[in-house]
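Peer 1: Dock chains F, Z and H against chain X, hints included.
Chains X, F, Z and H supply the protein sequences, listed in that same order. Using my numbering, the first residue of the first sequence is number 1, and each one after it goes up by one. Using my numbering, the first residue of the second sequence is number 1, and each one after it goes up by one. Using my numbering, the first residue of the third sequence is number 1, and each one after it goes up by one. Using my numbering, the first residue of the fourth sequence is number 1, and each one after it goes up by one.
There could be a bad hint or two in this list.
As the list claims (entries may be wrong) - Listed below are the simulated EDC-like cross-link pairs for lysine to aspartate or glutamate, each with C-alpha atoms no more than 16 angstroms apart in a straight line:
| # | chain 1 | residue 1 | chain 2 | residue 2 |
| --- | --- | --- | --- | --- |
| 1 | X | Lys-79 | X | Glu-9 |
| 2 | Z | Lys-5 | H | Glu-85 |
| 3 | X | Lys-79 | F | Glu-62 |
| 4 | H | Lys-84 | Z | Glu-85 |
| 5 | Z | Lys-12 | H | Asp-87 |
| 6 | X | Lys-5 | X | Asp-97 |
| 7 | F | Lys-5 | X | Glu-85 |
| 8 | F | Lys-91 | X | Asp-11 |
| 9 | H | Lys-5 | H | Asp-83 |
| 10 | X | Lys-5 | X | Asp-83 |
| 11 | Z | Lys-79 | H | Glu-62 |
| 12 | Z | Lys-5 | Z | Glu-85 |
If you are wondering where the hints come from, they were derived from the structure by calculation, not from laboratory data.
Protein chains: 4
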Amino acid sequence: MSLKKIQAEVDKWINQFEEGYWPPLSMLAAVMEEVGEVAREINFLERFKPKKPWEKSGNIGEELADLIFSIVCIANYYKIDLDKEFDKIMKKYATRDINRWRRK
Amino acid sequence: MSLKKIQAEVDKWINQFEEGYWPPLSMLAAVMEEVGEVAREINFLERFKPKKPWEKSGNIGEELADLIFSIVCIANYYKIDLDKEFDKIMKKYATRDINRWRRK
Amino acid sequence: MSLKKIQAEVDKWINQFEEGYWPPLSMLAAVMEEVGEVAREINFLERFKPKKPWEKSGNIGEELADLIFSIVCIANYYKIDLDKEFDKIMKKYATRDINRWRRK
Amino acid sequence: MSLKKIQAEVDKWINQFEEGYWPPLSMLAAVMEEVGEVAREINFLERFKPKKPWEKSGNIGEELADLIFSIVCIANYYKIDLDKEFDKIMKKYATRDINRWRRK
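Next comes chain X alone, as it looks inside the complex (with noise of 0.2 angstroms):
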């Protein structure tokens, strides 16, 4: 897994910039108009004209994509190891949650 990557790249155009990361809640606050352009795109996708998988939006891939960033720009602040952490929470899951579910 690579979001170490993802993170780099994320790192190298930040700090090209005199103001590099902004304070954590105005990061946070960013995340929220993220997500909250997300919930428009899925509720105009879902709420009238439900569509099938298969024929995404033009723009829900971009908006999950500046969602993305704008929360690896969160963990960078923090020297958060993403990968370090997604191995984790996949280990958690697979702790808590395999008899929550039904398996196939």
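Peer 2: This is chains F, Z and H only, laid out in the frame that chain X set:
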């Protein structure tokens, strides 16, 4: 870059269960729950006792990974190639935002 | 209408404490926490066992009130008259949205 | 207190349309959209050029009212009496939080 591997791992996890992916608006609600937990963590870290970036909390990394998991579920449902979308937004930012901030 | 009374009650509550209103971005993070709890409740109500509207959960009402409280804090901080703003948006909707949906 | 009047006004507005109330998860997504707009406004107000509380923005009041509207829709759908719930949470806070902050 390889969000691809993460998308595959999440897909494998979800597909072991009868329930499979939830409907998109339920997955979105799950994203909102996870953002709420990230918000709680950051408010705790920043509000009353601001810490230095390197003194990261024990939980913020896990909350961010949970949030990314919930977003990757939505991406998978809509058959989105996140690596491709991420490349696209990095190019969009490079065009749109390059003069928005002060270059070092 | 009288969001005024609610604004006054929240203000009285906050002003008994030394801390007073938190900085706006912290109050915004608190709103996000509350939205996350509403999302959890609605996902629970709607996902696996949809109920009829009148069989309301024991908690959704409380979560919505918590959320409104957190929003009124922000309104008070910015000295916003919510009754006036609410009147304004109802007029905006009446102009903007009157042909957006099908009249009965 | 009378969130009751606001609930009645929203109900009257919604009920003139064939569509009526949307499904709860769609209304929740609409709440998230509105929270995203509030986040954008507050990030703008607070991030780079913090203003004094009394120099309120032209838009934050409207965004907060839009957000309250979207929440009242959910409350109405679930037949929640917001005045009663608000009374209950104010009592809950008075019991739970009275020693959480420093009294003046």
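Peer 1: Each of the hints needs a verdict: does it hold here or not?
Peer 2: These are the hints, each one checked on the structure:
{"no.": "1", "hint": "X/Lys-79 x X/Glu-9", "verdict": "holds, 14 angstroms"}
{"no.": "2", "hint": "Z/Lys-5 x H/Glu-85", "verdict": "holds, 15 angstroms"}
{"no.": "3", "hint": "X/Lys-79 x F/Glu-62", "verdict": "holds, 13 angstroms"}
{"no.": "4", "hint": "H/Lys-84 x Z/Glu-85", "verdict": "violated, 23 angstroms"}
{"no.": "5", "hint": "Z/Lys-12 x H/Asp-87", "verdict": "holds, 14 angstroms"}
{"no.": "6", "hint": "X/Lys-5 x X/Asp-97", "verdict": "violated, 29 angstroms"}
{"no.": "7", "hint": "F/Lys-5 x X/Glu-85", "verdict": "holds, 15 angstroms"}
{"no.": "8", "hint": "F/Lys-91 x X/Asp-11", "verdict": "holds, 15 angstroms"}
{"no.": "9", "hint": "H/Lys-5 x H/Asp-83", "verdict": "holds, 10 angstroms"}
{"no.": "10", "hint": "X/Lys-5 x X/Asp-83", "verdict": "holds, 10 angstroms"}
{"no.": "11", "hint": "Z/Lys-79 x H/Glu-62", "verdict": "holds, 13 angstroms"}
{"no.": "12", "hint": "Z/Lys-5 x Z/Glu-85", "verdict": "holds, 15 angstroms"}
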